[in-house]
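Heads up: the sequence lines are chains E and R, in that order. Residue numbering for the first sequence follows UniProt numbering, beginning at 1 and increasing consecutively. Residue numbering for the second sequence follows UniProt numbering, beginning at 1 and increasing consecutively.
Be careful, since some hints might not be right.
[What the hints assert, rightly or not] Here are a few chain E residues that face chain R, going by a calculated C-beta distance under 10 Å:
no. : residue
1   : Arg225
2   : Lys227
3   : Ala325
4   : Phe327
5   : Tyr329
6   : Met331
7   : Met548
8   : Asp551
9   : Thr553
10  : Gly558
11  : Gly559
12  : Ala561
13  : Gln571
[Stated by the list, open to error] So these bits of chain R aren't anywhere near chain E, every CB distance computed over 10 Å:
no. : residue
14  : Asn257
15  : Glu319
16  : Tyr337
Calculated from the structure, these hints are not laboratory results. Heads up, the beta-carbon is just placed ideally off N, CA and C, and yes, glycines get one too.
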Amino acid sequence: MTDLAHIRNFSIVAHIDHGKSTLADRLIQSTGTVKDRDMKEQLLDAMDIERERGITIKANTVRIDYTADNGEAYVLNLIDTPGHVDFAYEVSRSMRAVEGSLLVVDSTQGVEAQTLANVYQAIDADHEIVPVLNKIDLPASDCDRVAEQIEDVIGIDASGAIRVSAKTGEGIHETLEAIVNQLPPPKGDRDAPLKAMLVDSWYDAYLGVIVLVRIIDGVMKKGERVKMMSNGSVHLIDRIGVFRPGMMPVDELGPGEIGFITASIKQVRDTRVGDTITHEKKGAEKALPGFKPSQPVVFCGLFPVDSAEFEDLRDAIEKLALNDASFSYEMETSAALGFGFRCGFLGLLHLEVIRDRIEREYDIDLITTAPSVIYHVYMKDGSHFELHNPADFPDPSTIDHLEEPRIKATILVPDEFLGDVLKLCQDRRGIQLDLTYAGSRAMVVYDLPLNEVVFDFYDRLKSVTKGYASFDYQMTGYRQDNLVKMSILVNEEPVDALSTMVHRDRAETRGRAMVEKLKDLIPRHMFKIPIQAAIGGKVIARETLSAMRKDVTAKCYGGDATRKKKLLEKQKAGKKKMRQFGKVDIPQEAFISALKMDG
Amino acid sequence: MAEDWTHGGFGIYIHWPFCASKCPYCDFNSHVAAEIDESRWVRAYTREIDRYAAALPARVVNSVFFGGGTPSLMAPETVNAVLERIHMRWPVANDLEVTLEANPGSVEAGRFRGYAQAGVNRLSMGIQALNDPDLRALGRLHSVDDALAAFDIARNNFDRVSFDLIYARQNQTLSDWRSELRRALAMTVDHLSLYQLTIEPGTAFGDRYDAGKLRGLPEDDLSAEMYEATQDICAAAGFEAYEVSNHAKSGSESRHNLIYWRYGDYAGIGPGAHGRITVHGQRYATETRLAPLAWLQAAEAGQGENLRRALSGTEQAEEYLMMGLRLLQGIDLKRYYSLSGDHLDTAKIAYLSEIGMVEHAGDSLHVTPGGRMVLNAVIKEFFAG
Numbered sequence: 001m002t003d004l005a006h007i008r009n010f011s012i013v014a015h016i017d018h019g020k021s022t023l024a025d026r027l028i029q030s031t032g033t034v035k036d037r038d039m040k041e042q043l044l045d046a047m048d049i050e051r052e053r054g055i056t057i058k059a060n061t062v063r064i065d066y067t068a069d070n071g072e073a074y075v076l077n078l079i080d081t082p083g084h085v086d087f088a089y090e091v092s093r094s095m096r097a098v099e100g101s102l103l104v105v106d107s108t109q110g111v112e113a114q115t116l117a118n119v120y121q122a123i124d125a126d127h128e129i130v131p132v133l134n135k136i137d138l139p140a141s142d143c144d145r146v147a148e149q150i151e152d153v154i155g156i157d158a159s160g161a162i163r164v165s166a167k168t169g170e171g172i173h174e175t176l177e178a179i180v181n182q183l184p185p186p187k188g189d190r191d192a193p194l195k196a197m198l199v200d201s202w203y204d205a206y207l208g209v210i211v212l213v214r215i216i217d218g219v220m221k222k223g224e225r226v227k228m229m230s231n232g233s234v235h236l237i238d239r240i241g242v243f244r245p246g247m248m249p250v251d252e253l254g255p256g257e258i259g260f261i262t263a264s265i266k267q268v269r270d271t272r273v274g275d276t277i278t279h280e281k282k283g284a285e286k287a288l289p290g291f292k293p294s295q296p297v298v299f300c301g302l303f304p305v306d307s308a309e310f311e312d313l314r315d316a317i318e319k320l321a322l323n324d325a326s327f328s329y330e331m332e333t334s335a336a337l338g339f340g341f342r343c344g345f346l347g348l349l350h351l352e353v354i355r356d357r358i359e360r361e362y363d364i365d366l367i368t369t370a371p372s373v374i375y376h377v378y379m380k381d382g383s384h385f386e387l388h389n390p391a392d393f394p395d396p397s398t399i400d401h402l403e404e405p406r407i408k409a410t411i412l413v414p415d416e417f418l419g420d421v422l423k424l425c426q427d428r429r430g431i432q433l434d435l436t437y438a439g440s441r442a443m444v445v446y447d448l449p450l451n452e453v454v455f456d457f458y459d460r461l462k463s464v465t466k467g468y469a470s471f472d473y474q475m476t477g478y479r480q481d482n483l484v485k486m487s488i489l490v491n492e493e494p495v496d497a498l499s500t501m502v503h504r505d506r507a508e509t510r511g512r513a514m515v516e517k518l519k520d521l522i523p524r525h526m527f528k529i530p531i532q533a534a535i536g537g538k539v540i541a542r543e544t545l546s547a548m549r550k551d552v553t554a555k556c557y558g559g560d561a562t563r564k565k566k567l568l569e570k571q572k573a574g575k576k577k578m579r580q581f582g583k584v585d586i587p588q589e590a591f592i593s594a595l596k597m598d599g
Numbered sequence: 001m002a003e004d005w006t007h008g009g010f011g012i013y014i015h016w017p018f019c020a021s022k023c024p025y026c027d028f029n030s031h032v033a034a035e036i037d038e039s040r041w042v043r044a045y046t047r048e049i050d051r052y053a054a055a056l057p058a059r060v061v062n063s064v065f066f067g068g069g070t071p072s073l074m075a076p077e078t079v080n081a082v083l084e085r086i087h088m089r090w091p092v093a094n095d096l097e098v099t100l101e102a103n104p105g106s107v108e109a110g111r112f113r114g115y116a117q118a119g120v121n122r123l124s125m126g127i128q129a130l131n132d133p134d135l136r137a138l139g140r141l142h143s144v145d146d147a148l149a150a151f152d153i154a155r156n157n158f159d160r161v162s163f164d165l166i167y168a169r170q171n172q173t174l175s176d177w178r179s180e181l182r183r184a185l186a187m188t189v190d191h192l193s194l195y196q197l198t199i200e201p202g203t204a205f206g207d208r209y210d211a212g213k214l215r216g217l218p219e220d221d222l223s224a225e226m227y228e229a230t231q232d233i234c235a236a237a238g239f240e241a242y243e244v245s246n247h248a249k250s251g252s253e254s255r256h257n258l259i260y261w262r263y264g265d266y267a268g269i270g271p272g273a274h275g276r277i278t279v280h281g282q283r284y285a286t287e288t289r290l291a292p293l294a295w296l297q298a299a300e301a302g303q304g305e306n307l308r309r310a311l312s313g314t315e316q317a318e319e320y321l322m323m324g325l326r327l328l329q330g331i332d333l334k335r336y337y338s339l340s341g342d343h344l345d346t347a348k349i350a351y352l353s354e355i356g357m358v359e360h361a362g363d364s365l366h367v368t369p370g371g372r373m374v375l376n377a378v379i380k381e382f383f384a385g
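Next up, chain E with everything else stripped away, as it sits in the complex:
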C-alpha cells in the first residue's frame, strides 16, 4: 500500500483523434510499466472495435510506477475514459474517481466540442487540470494559438501548457512531472470504516464480474466480506489487485488507491456503478453520493436475417449485456421479421458498436430496424406511457398528445462552414440558442429534437463541414409536438420494421425520400412493386419499382450446365442476406440505408 502523498489519480480528457490513447501508451511505456516487446498500439483499447474505430468505449485503468525528479517513488493511476458523447455517463463516473485531468488538445486542430463537454465534467468534478498540447512534431502545430484558444473558450490558464509529441516521446517526462507536482494527492482516512466507490464493472469469462473500485476511506483485503450499500448484498472478496495494465494481485487496497476485486459475482447487473462498497461488519453508515445510472435513449429492433439464428442471437445479446449495463433488451415479435429483440442504447454509436460486435464476434447477419427515441404518449383517457417502438403506436384517435425528447447540441465549426451547419440544424427542426465566436471558429448551440439527431445527424454534419465540425449534446427534456407515425408499404403490405415517428410538417419530405431510397435499395423482381409511405390510411408518397425486364443466360449448352448452376446457386445464397416480406425480398442494409437523408 502506498501512502496518500505518493498517489496521483488522473484521467485524460481529449477529443477523438487528438492523441489520447497514444499519450497513454507513452506514459505507460516510458515508465517501464509495460516492456517494449509487449507494447501494442492503443494498449488500453481492448476491443477490436475500439482499436478499429479509434475510440474508447469502456473505462480502462492502469497503475504506473514513477520515480520523480525529486527522487521519490509515486503511484500514478490513470483511468482512460470514453471520448464519445454516447458514453458521457461513463466519463462522468470515471471523473469522480480521480483528482485531476490532463486536458489533451491537438496543437494542429484546437479545442473541439467533445473536449469542451468532457472538460466541463472534469471541472464539475473539481479536478485540477493540466493542459497538454499534443502533436507538436507536425508542421501545422500552432501551440500559441491553441493555448490562447484554451484560455478563451474554456477559461483555464494555459500559459504553462506542456508541449508534447506522444509520437516522438518529446514532453512525456515533463507530463509525468506535472502529474506529480501539479495534481493534488487523494484524501482519505485509513482508519475510518471502508468506503469504496464502485467505478465500473465488466464480465470476464474466467473470473466472473470484475469490479473496478476506488478506495475513499479504510482498507480492503482479500477474504473479507463486503456489502453493496445500495441493496445490502454481501460478497466474499476472492481476488484483489491492480491493473498494470494486466491484472496483478495485491494484498490490500488502501485510501486513494484504484484497483479491482472479484467476488464470485455472476452478472454485471448485480453491481451498480456508483454504489458504495463497505465491510459487512462495522461498515460505513453513509454511502457516497451515487451516480445517475445511464439510460438508453435510442431503441431499435435487432432480428437475425436467417430466422434459424434466433437462439444464437439471444445468446450473443445475453453475453454482451452481461458486460454492458447500459444496453437493454427484450424479446420482440414482428409479423414480418419473426423473433428478435428490441434493444436500447445510449446513442447511435453505441448501437453500431453492439451491432458490429454481434455480426463480427458471433457471425450473425442482422436486420436493424429504424432507430427510435422514447416518446411520451398521453392518451385521452388521462393515462400515459413511454413508446419505444413505432410498431406499438396506438390508434391515433385515442391519443391526446405526444411529447418528444429534446437535446442541447453544441457545435464548433470553422467560419466557412457555418452557413451549412445552421441550415442543417434548421432542417432538423432546430432552435438556435446561442452563436459565439472563438477565433475563426463559431460555437453554435441548438435546441434540437433527439429523433432528428440520432440517426444520421453526425454523419451529415461531418459531410457538410468536410469533417471540421465537432459536436456534442446533452438531453434537456421533453416537449409536445405534432408527431405522427409514418408507415412504409412494400407491395401493399406494411413493413413494420420501416415504420418511423416523424413530425407532421416533415412527413411528406421524409416519406418521399424514403420511398425513393427504397426503390433503389430493393432489387427488381419478376413483378412491379409499389412502395408507399402512409400516415394512417393516407398515402403521402409513392414510387413504383418496375419489374425486371430481362435476366436470362444467352448460352447454355452441355459444357455450361455445371457452371451456370453453380452461379445460380451462388446468387441464391446471396438472397439469404435478404428477408422476404410477402413476395418481396428486401436486402438487409435497406432498413438502415432507407432512413439516411442526403439533403
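Since the structure of chain E is already known, use the hints to place chain R on it.
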C-alpha cells in the same frame, strides 16, 4: 423401365480447342497455337471414343458435334477419322446428325466439301454480324463479304446450315438490329442462333468492362426490347424460338443441343469438354483437363477424364429443370419427380403461374414468353429453399 437419359438421347461432343485468334467476348476453352500435330489429336480422340464405347455399350448415337475453338481449322481427314471410329464402335441412328462449327472465312470454306464427304451433314457458322465495323469490334477475322461467300459454299455442300449472330452490341440501336435481323432471316435456311452479347469475366471484354472502358452497351431496357423484337420478327418469319436463343423451322432444331436441354447423355471428348453419362443406372458428370497438351497426353495414355462425379437425384432434377425450362416445350413434371423423388414445389408453381411466368397443363410445365425473359429469376425461385 427405360433409363432417364433415353428421354434426351445420346450424343458425342468433340472439342477442338484451337482458334486462329481469340475473340474478345469468348469464354470458351480456345487457344491459339502455331503448330498442331493432328495425327496425335486423332489418336487421342479415337482412344477416348474406344474408352466411352467400352463404358457405354449398346447405345445408338443420335448426334456428333464438333465444337470449339474453331473446328473448321481441322483437316477433313481428322474429322473423317473421328467419325469412322464412332461408326466402328456404336450403331448410329438413321437420322444421325453430325454438326461442325465453322468460321466463315475463305480458307475454311475450302474445306467444306471435305467435311461433307467425311459425313458432316450440318454446318453451324459463326457469322456474328452483318456489318464490317461490328465484326472488327467483335475481333472477328472475316468480313461480311467473306461470310456471304462462305455461306453460299456451305449451302452447296450441306442440306442444313445454321449461323450465329451476336446482338446487343456496342452502340447498336434497336432499328439497326431489326434491319440486320431481317437481312439475316432472308438468307436463313432452317436454323438461326441469336445471342445477346454477354460480358463474361476473364475475357478481354470482361476486363475492359471492369475497367469502365467498354462503352455503348445497351441498358437493360433496350436489351430487353431487342430481345422482344427478335422474338417477334423471327416468329413472323416462321422461325419460332424453340429455345431461349435458338430459332428453327419445325423439325430443323439442332438435335444435338436438344440432347442437352432434354437432359440426355453426352460423352464430352477433348480439352475442357463436359459430359453427362449414365453407367449402370447412375448418372455422372464428367470433366476433362482444360489445357490442350495436358488433355492430349492424358487421352493418349487412355484416360482423358480427370473428374467423374456421381450426381444425386436432386442434382439431376435441378439440372433437368434448369436446362429444360429453356425449351419452349418445357419439362415433364413426372420426369422431374422420378429424378428427384420429390414433386416440384406446387406452391411455387402456383405463385409463378399467378404472376404470369410459367404455364402448367397436366404434367407439362413451361415458361411464358415473359417468364423466359427472366428465366434465371424463375429458376432461382424454384431453387430457393
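If you check each hint against the structure, which ones fail? 1, 2, 3, 4, 5, 6, 14, 15
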